Amino acid sequence: MELSWSPAEQAFRAELREWLAAHVPGEPLPSGDTREGFARHLEWERTLFDARWAVVSWPEQYGGRGASLWEWLIFEEEYYRAAAPQRVTQNGIFLLAPTLFEFGTADQQDRFLSKMASGEESWCQGWSEPDAGSDLAAIRSTATRDESGGGWRLNGQKTWTTRGAFCTHLFGLFRTDPTAERHRGLTYFLVPLDTPGVTVRGFGRLDGDQGFAEVFFEDALVTDDLVLGGVDQGWSVAMATTGSERGLTLRSPGRFNATADRLVALYRDRVGAAPDPLLRDQVTRAYIDAEAYRLQTLQTVTRVTAGDPPGIESSLTKVFWSELDVRLHETALALLGYEAELESPWMKGYEFALSGPIYAGTNEIQRNVIAERVLGLPRK
Amino acid sequence: MELSWSPAEQAFRAELREWLAAHVPGEPLPSGDTREGFARHLEWERTLFDARWAVVSWPEQYGGRGASLWEWLIFEEEYYRAAAPQRVTQNGIFLLAPTLFEFGTADQQDRFLSKMASGEESWCQGWSEPDAGSDLAAIRSTATRDESGGGWRLNGQKTWTTRGAFCTHLFGLFRTDPTAERHRGLTYFLVPLDTPGVTVRGFGRLDGDQGFAEVFFEDALVTDDLVLGGVDQGWSVAMATTGSERGLTLRSPGRFNATADRLVALYRDRVGAAPDPLLRDQVTRAYIDAEAYRLQTLQTVTRVTAGDPPGIESSLTKVFWSELDVRLHETALALLGYEAELESPWMKGYEFALSGPIYAGTNEIQRNVIAERVLGLPRK
Amino acid sequence: MQFAFTEDQLAFRDAVRDLLAKECPPSVVRAAWSNADGRSGSAWNALGEMGVLGALVPEVSGGLGLSELDVVLLAEETGRVALPEPFVEHVLVGAPLAVLEHPDVVNGVMTVSAGDPVIPYGVAADVIVVLAPDAQLATGSSATFEALTSVDASRRLTRLVEANTSRPLTRDEISVAFWRATLGYSAQLLGLARQMLDMTVAYATERRQFGSPIGSFQAIKHQLANVRIALEFAAPLVYRAAHSLATNDPDAALHCSMGKAQAADAGMLAASTALQCHGAIGYSYEHDLHLWMKRTWALAGAWGDAAWHRDRVARAILDRPA
Amino acid sequence: MQFAFTEDQLAFRDAVRDLLAKECPPSVVRAAWSNADGRSGSAWNALGEMGVLGALVPEVSGGLGLSELDVVLLAEETGRVALPEPFVEHVLVGAPLAVLEHPDVVNGVMTVSAGDPVIPYGVAADVIVVLAPDAQLATGSSATFEALTSVDASRRLTRLVEANTSRPLTRDEISVAFWRATLGYSAQLLGLARQMLDMTVAYATERRQFGSPIGSFQAIKHQLANVRIALEFAAPLVYRAAHSLATNDPDAALHCSMGKAQAADAGMLAASTALQCHGAIGYSYEHDLHLWMKRTWALAGAWGDAAWHRDRVARAILDRPA
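Residue numbers (the working numbering), protein chains in the order written: chain A, 1 to 380; chain B, 1 to 380; chain C, 1 to 322; chain D, 1 to 322.
These are calculated hints, taken from the structure and not from any lab test.
Be a bit skeptical, because a hint or two may be false.
[Said to hold, decoys possible] Partner residues aside, some chain B positions facing chain C, computed with beta carbon under 8 Å: (1) LEU3; (2) ARG13; (3) ARG17; (4) PHE103; (5) ASP289; (6) GLU291; (7) TYR293; (8) THR302.
[Stated by the list, open to error] From the derived model, a few chain D residues whose C-beta atoms are all more than 12 Å from chain C: (9) ALA15; (10) ALA21; (11) ARG30; (12) ALA36; (13) ASP70; (14) PRO117; (15) ALA135; (16) PHE217; (17) ALA219; (18) ILE220.
What you are looking at is a predicted structure, and each value in this text was computed from that prediction instead of being measured.
Quick reminder that beta carbons are idealized off the backbone N, C-alpha and C, glycines included.
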């Protein structure tokens with residue numbers, strides 16, 4: 001066991017910290033879940049990309065630094081510590097890109113990855129449908145073969161598509177085999193949102209921002225080169241993405257450690273010398289949990305680096321970080337007392353945190369997965 | 001709304017308090033879940049009975065005072081406040097007696113009630129079987145018609161029978177119609193444990209006391225006059241009892257208010273002037289919850305007194321008091337720190353409290369009942 | 001001993017419930033998020049005509065001369081429909097204090113709002129009661145405010161900057177005002193929670209995933225059962241607090257703190273459970289759930305949050321010399 | 001950066017696990033509840049022959065000269081089988097302190113026990129380390145004890161009354177002893193919890209009610225999933241604490257407190273969940289579950305319970321000047 005960083009890693013951190021100190025906007029940007037804020041965030045992404053900080057773990061040819069997972073962890077730590085802007089490109093970078101690297105053709109990789117990293121093209125996720133939420137396999141949107149058009153005709157509706165109203169592209173699952181049921185007969189498509197027959201309607205999330213969208217497909221033609229992975233192979237292709245969404249990549253500990261540090265600062269600021277007998281324990285528990293999450297991640301990264309890919313244990317991680325994030329913000333709001341209802345980063349953060357136990361597989365689904373696939377309890 | 005006691009009720013309380021002060025043993029009796037302790041407790045029950053405090057809410061002819069539910073609540077408050085001995089006769093008094101009053105023949109009532117109240121005859125409950133725990137309707141023990149014997153032959157096994165090894169009688173359910181399934185075809189029998197063919201084996205509970213028993217039946221003959229309610233009607237007859245076990249009668253608030261008061265005293269004793277920042281809130285929550293339970297009971301008794309019997313809401317009560325009892329004791333043990341592991345009334349009480357969420361329908365079953373029958377959520 | 005409301009109290013409750021069902025459907029709450037003053041309009045006038053808005057005003061001053069016990073269920077009903085009005089501020093706090101100076105508060109022609117220290121609907125109110133930093137009764141037209149933004153956009157939160165025409169409040173007035181407001185918010189929290197539970201039960205019964213209504217899954221059943229349990233053991237503390245205020249019980253303040261702490265916790269549990277069981281649908285701004293949820297967040301923190309009130313209980317039961 | 005144990009450390013763990021599986025089945029734990037000294041007999045000797053009992057003793061003194069990081073997994077294994085021995089007291093606390101005066105502690109021919117202030121197996125021990133009220137190293141034969149009764153009848157708890165032959169401990173010795181004991185109990189709590197979880201998963205898979213294995217019901221699944229989650233996020237804190245002690249990290253004490261608090265909470269959750277999922281069967285004295293449960297209760301409270309250790313963390317992170 002070795003819990004200190006190598007000189008190279010420390011140098012990486014130092015360079016990054018210096019760059020962030022020089023470039024992170026002094027004023028927080030407007031929410032990236034609004035049209036104007038999204039544009040402002042894309043400019044920031046461009047700045048990150050030009051300095052090759054946008055996708056540190058990617059190969060250099062696509063704008064990355066070929067950084068190790070350890071360096072990526074350091075990047076996340078520093079990024080959140082610096083309170084740098086939210087990553088509006090994250091659905092592409094964290095959800096689609098791993099799948100593109102694994103299943104994409106060389107042409108698809110060349111065509112999409114760099115533009116994704118620079119924010120020139122922005123991607124939203126087309127999983128959920130009105131009747132396919134927790135039950136993702138209930139997808140009904142179809143893709144019908146169109147030989148004359150040299151591709152597929154998309155029909156149906158996706159919904160709860162994060163930032164769909166502002167993005168240029170969508171990746172999602174459509175049913176190519178109408179006779180197949182549940183997980184079978186689905187195909188993974190890459191869809192430019194300006195394709196004729198595609199209509200996007202933004203709608204509000206809990207916090208009022210237009211961060212959600214419904215996407216309607218009416219005989220929208222997508223060519224064969226926009227199929228990712230094999231036809232009818234969509235589910236297994238997508239699971240790689242879901243795996244990374246539910247697992248390590250989206251929720252690095254940096255975010256929660258930074259929040260825990262801000263919570264501690266808030267406690268000291270509000271409570272001063274006399275310990276608040278009621279909230280002191282809550283703050284301490286949340287701080288310890290954030291630390292536990294960081295250490296558990298180091299454990300996981302050690303395993304992954306040794307060639308043992310993150311598996312179903314990612315369900316444990318998802319439940320823990322999402323409920324920790326809620327606790328961190330609940331505790332902060334409790335410290336704010338009557339001011340909790342006022343507009344503040346803590347309230348905004350609380351509203352966002354409340355989505356954690358719901359998306360990427362509700363925590364109810366995750367606990368089923370833990371019980372059945374980690375503990376081996378019987379399904380029926 | 002009137003939240004004060006009438007002069008008559010205050011007089012009742014004063015008389016009782018005086019009597020308890022004069023008669024409650026200074027030294028706590030040995031556990032009533034041991035053979036020797038059980039005998040000592042029966043002596044105490046006899047003392048209670050002779051002073052007509054054993055069953056205050058019963059008619060005078062059976063040793064009661066025809067007291068109101070309100071007076072019964074007062075009795076319980078004072079009884080627990082005085083830290084008087086546990087009621088080893090409670091299974092008869094609280095579970096069987098209501099059923100006897102409702103379904104028993106005049107002969108059965110005369111034959112059993114007074115002796116039950118005095119402790120001359122002591123009753124244990126024969127519900128559970130090795131394969132019928134939460135799933136009570138899975139009862140397999142049988143009663144087969146024996147015309148020549150003028151009664152029924154009992155066969156099978158009951159288990160987790162509280163204090164079964166010390167009692168003289170058992171009440172329980174047996175399957176009289178082998179062709180009927182689940183809740184149908186069961187009959188409620190009153191069984192003297194000295195009946196030939198009945199074998200009782202005591203075994204230990206969590207705390208080590210022999211408070212449990214297995215009861216084996218091999219062609220044990222019980223005569224027709226020991227059937228309570230109609231043949232094959234056992235389930236509906238028993239539900240009255242279960243209702244009272246799960247509902248008001250067994251868990252009057254007095255017990256929890258007295259425990260909460262002792263917890264507050266313990267906190268003051270251990271913590272002194274400086275508030276313990278970590279346990280102060282836990283103690284306060286537990287105290288408030290005990291108060292809430294008392295008030296909710298007053299609400300229920302008001303309804304019952306107005307002729308509206310306690311219904312399925314008793315599931316809400318059972319979950320709350322059983323989990324409150326655990327919290328009260330957990331908090332006390334936390335206050336005791338390293339001394340928590342030492343023999344003490346708090347540890348003994350904790351071990352007992354842990355049975356609350358399990359018996360009389362596990363809290364998992366109770367939450368199903370609340371969801372389906374109180375909230376109306378779909379079964380399937 | 002009788003822990004129940006009278007026929008009259010229940011009949012009054014039913015009448016107000018019927019009125020609010022008609023005058024304050026969810027569309028009115030949603031509209032108040034974006035309209036001029038954040039208020040319901042007609043619902044307020046209808047309550048005024050019914051006499052509810054002067055319920056605690058003595059009859060000699062034209063009110064109904066009722067007690068906290070008579071109005072606690074009415075406040076709960078206004079919570080159930082998330083009525084966007086300074087109902088508690090006016091009925092329980094402001095009208096009884098202001099009626100001598102401003103007789104029109106009795107029927108709601110003039111509106112009183114109140115806060116400690118922040119005041120909902122301050123700008124729209126004709127009269128202001130504020131308990132901190134300087135406890136005073138002020139004429140709205142003479143006052144200037146700092147506008148604040150509440151997570152519940154209908155609350156139109158303000159902070160009093162200064163008022164020219166005002167009188168200070170006595171210590172008694174301050175104490176009565178504070179505990180009545182605490183009681184009123186506790187009751188509204190119960191109503192909000194009951195409605196969120198009902199909404200969620202209805203949704204879980206109709207929404208199907210994996211071929212079954214999600215309400216048939218134990219994970220949903222047990223979460224909702226826990227909310228029902230929390231409500232079952234919060235409401236009696238709130239009703240007892242109302243009785244204690246109405247009878248000047250020496251422990252009335254302690255009882256109000258117990259009620260607010262428990263009602264706030266039950267409300268927060270109901271809110272997060274309702275959201276979790278609704279999933280992404282409930283997370284959508286277009287769904288009504290968030291209107292109830294955000295009102296709950298606001299009321300749980302105002303007039304002392306659960307931690308603050310539990311600390312008061314702790315001081316009373318733990319710290320006083322044994 | 002590498003958060004993992006070495007092949008050697010894991011191999012040592014496996015060897016000890018195999019030994020304990022053979023030498024300490026549940027029957028040995030149950031027997032220790034009623035036998036003369038509450039101990040395992042052969043398991044102790046076997047551990048001694050393997051060298052485990054002198055693991056932290058320097059090689060110059062005949063020990064293995066290993067670190068806390070090398071033995072934390074061994075302590076976890078002794079928890080998994082609920083080994084009825086003063087393992088932590090001897091291996092992590094006593095042997096390194098006593099070896100110069102009593103060389104035979106290295107192989108366990110002499111047993112050291114330790115406490116703060118109460119001492120398990122005090123009467124049976126040849127050497128006693130006690131940290132309070134007077135921190136000293138004492139010869140068992142020269143000491144008199146007050147016998148105490150632990151809820152875990154195998155622990156044979158005692159309080160030192162007086163010892164004739166003893167030497168006081170230095171501040172450093174006290175500090176090292178306390179934090180090593182805290183670490184050892186934390187690791188044992190993890191092992192106990194893992195075993196209770198395994199027992200319960202096995203039981204829930206085989207026990208049928210309502211026509212299905214009870215482990216197929218979501219109410220059971222989610223409770224057990226919560227235990228698994230608690231363990232997943234307790235273990236890394238304990239292992240990190242071991243590393244910090246082994247490397248003399250300035251924050252080692254803070255890290256030990258985090259580990260004990262989290263491990264104790266996880267253990268208590270595992271215990272109550274295991275009991276609830278076993279139902280009346282687990283509530284029976286004849287069932288082995290209570291042996292693990294009561295050991296968990298005892299270890300959770302000893303060497304500082306969760307509240308005490310969280311308070312230390314709070315002092316470090318919240319109260320130090322910003």
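Status of each hint after checking the structure:
1. LEU3: holds, 6 Å
2. ARG13: Check failed: Cβ of B:ARG13 comes no nearer than 12 Å to chain C, outside 8 Å.
3. ARG17: Where the cut-off is 8 Å and the nearest Cβ of chain C is about 17 Å from B:ARG17, the hint is violated.
4. PHE103: Hint violated; B:PHE103 Cβ to chain C Cβ min 30 Å, cut 8 Å.
5. ASP289: At about 7 Å, which falls below the 8 Å cut-off, the nearest Cβ of chain C leaves the hint on B:ASP289 intact, so it holds.
6. GLU291: At about 6 Å, which falls below the 8 Å cut-off, the nearest Cβ of chain C leaves the hint on B:GLU291 intact, so it holds.
7. TYR293: holds, 7 Å
8. THR302: Constraint on B:THR302 satisfied, holds at 5 Å.
9. ALA15: holds, 42 Å
10. ALA21: holds, 36 Å
11. ARG30: D:ARG30 clear of chain C: closest Cβ-Cβ about 35 Å, beyond 12 Å.
12. ALA36: holds, 44 Å
13. ASP70: Answer for D:ASP70: holds, closest chain C Cβ roughly 42 Å.
14. PRO117: D:PRO117 clear of chain C: closest Cβ-Cβ about 26 Å, beyond 12 Å.
15. ALA135: holds, 33 Å
16. PHE217: violated, 6 Å
17. ALA219: Nearest chain C Cβ is 5 Å from D:ALA219, so the label is violated.
18. ILE220: violated, 9 Å
The structure is inconsistent with the numbered hints 2, 3, 4, 16, 17, 18, although it conforms to all the rest.
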